[in-house]
Amino acid sequence: MDAGTHNPFVSEWNGVTAAPEEDVNRLITFTGVTKRYPDGTVAVHDLDLEIPAGRITVLVGPSGCGKTTTLRMVNRMIDPTTGTITVDGRDIREVDPPKLRRGIGYVIQQAGLFPHRTIIDNIATVPYLLHQDKKQARARALELMERVGLDTALAKRYPSQLSGGQQQRVGVARALAADPPIMLMDEPFSAVDPIVRHQLQDEFLRLQSEVEKTIVFVTHDIDEAVKLGHRIAVFQVGGVLAQYATPDELLANPANDFVRDFLGGDRGIRRLRFVQELDAEAAAEAAVQAADGGPPPPTDDEAATAGER
Amino acid sequence: MSAVLSPVAVGDSGEPLIRWDWIGRNSDIITHALNDHLVLAIVPVLVGLAVSLPIGLLCARYRWLYAPVVGITSVLYAIPAIALFVVLVAFTGLTRTTVIIPLTLYTLSVLVPAVVDGMDSVPEHVRQAATAMGFGTLRRLVQVELPIAVPVVMAGLRVATVSNISLVSVGALIGVGGLGQLFTDGFNRDFTTPIVVGIALIIALAIVADVLLLIVQRVLTPWARAGGSRRTERRAVRAELATPEEAAL
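Chains A and B, in that order, give the protein sequences. Numbers 144 to 452, taken from the working numbering, label the letters of the first sequence in order. Numbers 925 to 1173, taken from the working numbering, label the letters of the second sequence in order.
The hints are simulated quantities; they were obtained by calculation from the structure and are not laboratory data. As the structure is a computational prediction, the values presented were derived from the model and not from experiment. Misleading hints may appear alongside valid ones.
[Stated by the list, open to error] Here are the simulated distance ranges between beta carbons: (1) B:P1047 <-> A:P337: 22 to 30 Å; (2) A:A296 <-> B:L1062: 29 to 37 Å; (3) A:N396 <-> B:P978: 56 to 64 Å; (4) A:D191 <-> B:L1062: 36 to 44 Å; (5) A:I338 <-> B:P1047: 20 to 28 Å; (6) A:I338 <-> B:L1136: 43 to 51 Å; (7) A:S306 <-> B:D1041: 24 to 32 Å; (8) A:H274 <-> B:L970: 30 to 38 Å; (9) A:P337 <-> B:R1149: 31 to 39 Å; (10) B:T1021 <-> A:G183: 54 to 62 Å; (11) B:V963 <-> A:L273: 42 to 50 Å; (12) B:A991 <-> A:S306: 36 to 44 Å; (13) A:T225 <-> B:D1134: 52 to 60 Å; (14) B:G1060 <-> A:G175: 25 to 33 Å.
[Claimed, not checked] Sample of chain A residues lacking proximity to chain B, with all beta carbon distances greater than 10 Å (derived): (15) T177; (16) V185; (17) G381; (18) Q386.
Quick reminder that beta carbons are idealized off the backbone N, C-alpha and C, glycines included.
Sequences and hints are given; from them, build the entire structure.
Right, dumping it as structure tokens:
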């Protein structure tokens, strides 16, 4: 195998860190968004947020901080009380919810797979809803199974026959099936054990470097946020956005005491580790580019990925 | 009506529990009673399911409806069949309809809760995932919620069917009782053979119906048994764990 000139770990981070931020277009915008429930509880308070296209944006905070509410307002599972949300410049209130949702992938903690459908049919759910050709949808589903690291021999099984980690992979494949530009992920890796979680996170980053979706990712785990996020939005109780920044900026300059506490006492170590990783990757990338004379071709990338399995 | 039946001298002693020759001579009557019994048992279950489905779905959606609906179906279940017959005969006469209506009402007390429990058996995260993927309300109901509810609804359907097969006999009170007719005939003449035949056929019918419904359920829900391989795995793990202990002993 000719992967010698190409380090897969570099490509893994390319999509996340390489492009200069100014060039990124804003795919999802929240303007003055408030969600107040009939009982008076404010879940989200006057939120302004711009979510960049093709990147992972992590919403993080303690429970009851409105991060999930914020996520679910993007596909109109919840409608805001006031304010405007646009996707690709279009006010989502103008779009029929089922139609809007078919264009937005959705992954949740318990996977939410349909117990009565086989794995392959679970994955092809949205293509079926869009009345795409059944054969093509299934072929694509099989391809996605491989892509998320599932043995295609599982295609005819039912969800109850899979492990939690495998079910989560099916959930990701299902969200990707209709190739939506946007994916909403609500604590997708929280229900699996730590070893599987780290594995899923790593593979998720690799996958994202290939597909470059606009991802909104909710977690309560700051380590996960720092690991996955291109940008991190820290929410505090009452649905107030405390800080919206890159992981490095967040760790270096917490905006207030709440953010500082939330990041925890080992913030300095965390930042050190984070910066070291970035430096190592930048160095490796520079070395690869010097050797290649340019960014690696995508076929090389695939070969390297195939080799990993 | 018993004119057709062969008269038999009944004595306190000497009369066997069952006279096999009677069965052969009256096979037409028995077959006719069996057919009647089947219709009288199945029609109420089907009508009951058709009525329970919308009521159950409404109760599942609007919870406040459920308690009063269960109250009403329970009261209906508590009304003796004979009282309903008395009322209904005035409208529908001595017909099958007069038997089918009370039996249908009785199935509601089993089938409405079965539909509600079936809908409750749909995990909330599955329902949410369906919504988030762009299922409309009706499509979600038909393609996701109802299929997942099938095992629970089928369990209720089996109970309703079996209990109905035994309840049909009560129609003999107005002369429309399927195999129950054999009971009245036997009692009237103090002759046990028709009674024994009736009981045996009713039990056989109940067992056959239950097995058939079980097969239908298995065909409809292959996924519900799919956990089997994992159970087997767990058993295998347990067996493995047990081995060293046994070895130690």
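Okay, the hints, checked on the actual structure:
1. B:P1047 and A:P337 have their C-beta atoms about 25 Å apart, which keeps the hinted 22 to 30 Å range intact.
2. The hint said 29 to 37 Å for the Cβ distance between A:A296 and B:L1062, and at roughly 35 Å that hint holds.
3. Roughly 60 Å separates the CB atoms of A:N396 and B:P978, a value that falls within the hinted 56 to 64 Å.
4. In this structure the hint that A:D191 and B:L1062 lie 36 to 44 Å apart at CB holds, the actual value being about 37 Å.
5. Take A:I338 and B:P1047: their Cβ atoms lie about 26 Å apart, and the range 20 to 28 Å holds.
6. For the hinted restraint 43 to 51 Å between A:I338 and B:L1136, the CB-CB distance of approximately 48 Å keeps it satisfied.
7. Range check, A:S306 to B:D1041: about 28 Å between beta-carbon atoms, so the 24 to 32 Å window is met.
8. Hint check: A:H274 to B:L970, Cβ distance near 33 Å, so the stated range 30 to 38 Å holds.
9. Separation of A:P337 from B:R1149 is about 32 Å and conforms to the stated range, judged on CB atoms against 31 to 39 Å.
10. Take B:T1021 and A:G183: their Cβ atoms lie about 56 Å apart, and the range 54 to 62 Å holds.
11. Checked against the given bound of 42 to 50 Å, the beta carbons of B:V963 and A:L273, roughly 46 Å apart, stay inside it.
12. With their beta carbons about 41 Å apart, B:A991 and A:S306 fall inside the hinted range of 36 to 44 Å.
13. Under the hint 52 to 60 Å, the C-beta atoms of A:T225 and B:D1134, about 58 Å apart, fit the expected range.
14. Hint check: B:G1060 to A:G175, Cβ distance near 30 Å, so the stated range 25 to 33 Å holds.
15. Consistency note on A:T177: stated as away from chain B, and its beta-carbon is indeed over 10 Å from all of that chain's, at 22 Å minimum.
16. For A:V185, the requirement that its beta carbon stay farther than 10 Å from each beta carbon of chain B is met, with the minimum near 22 Å.
17. At roughly 24 Å, the least C-beta separation between A:G381 and chain B is larger than 10 Å, which holds for a residue marked as non-interface.
18. Every beta carbon of chain B lies more than 10 Å from that of A:Q386, the smallest distance being close to 28 Å; the non-interface claim holds.
Going through the hint list in order, the structure satisfies each hint without exception.
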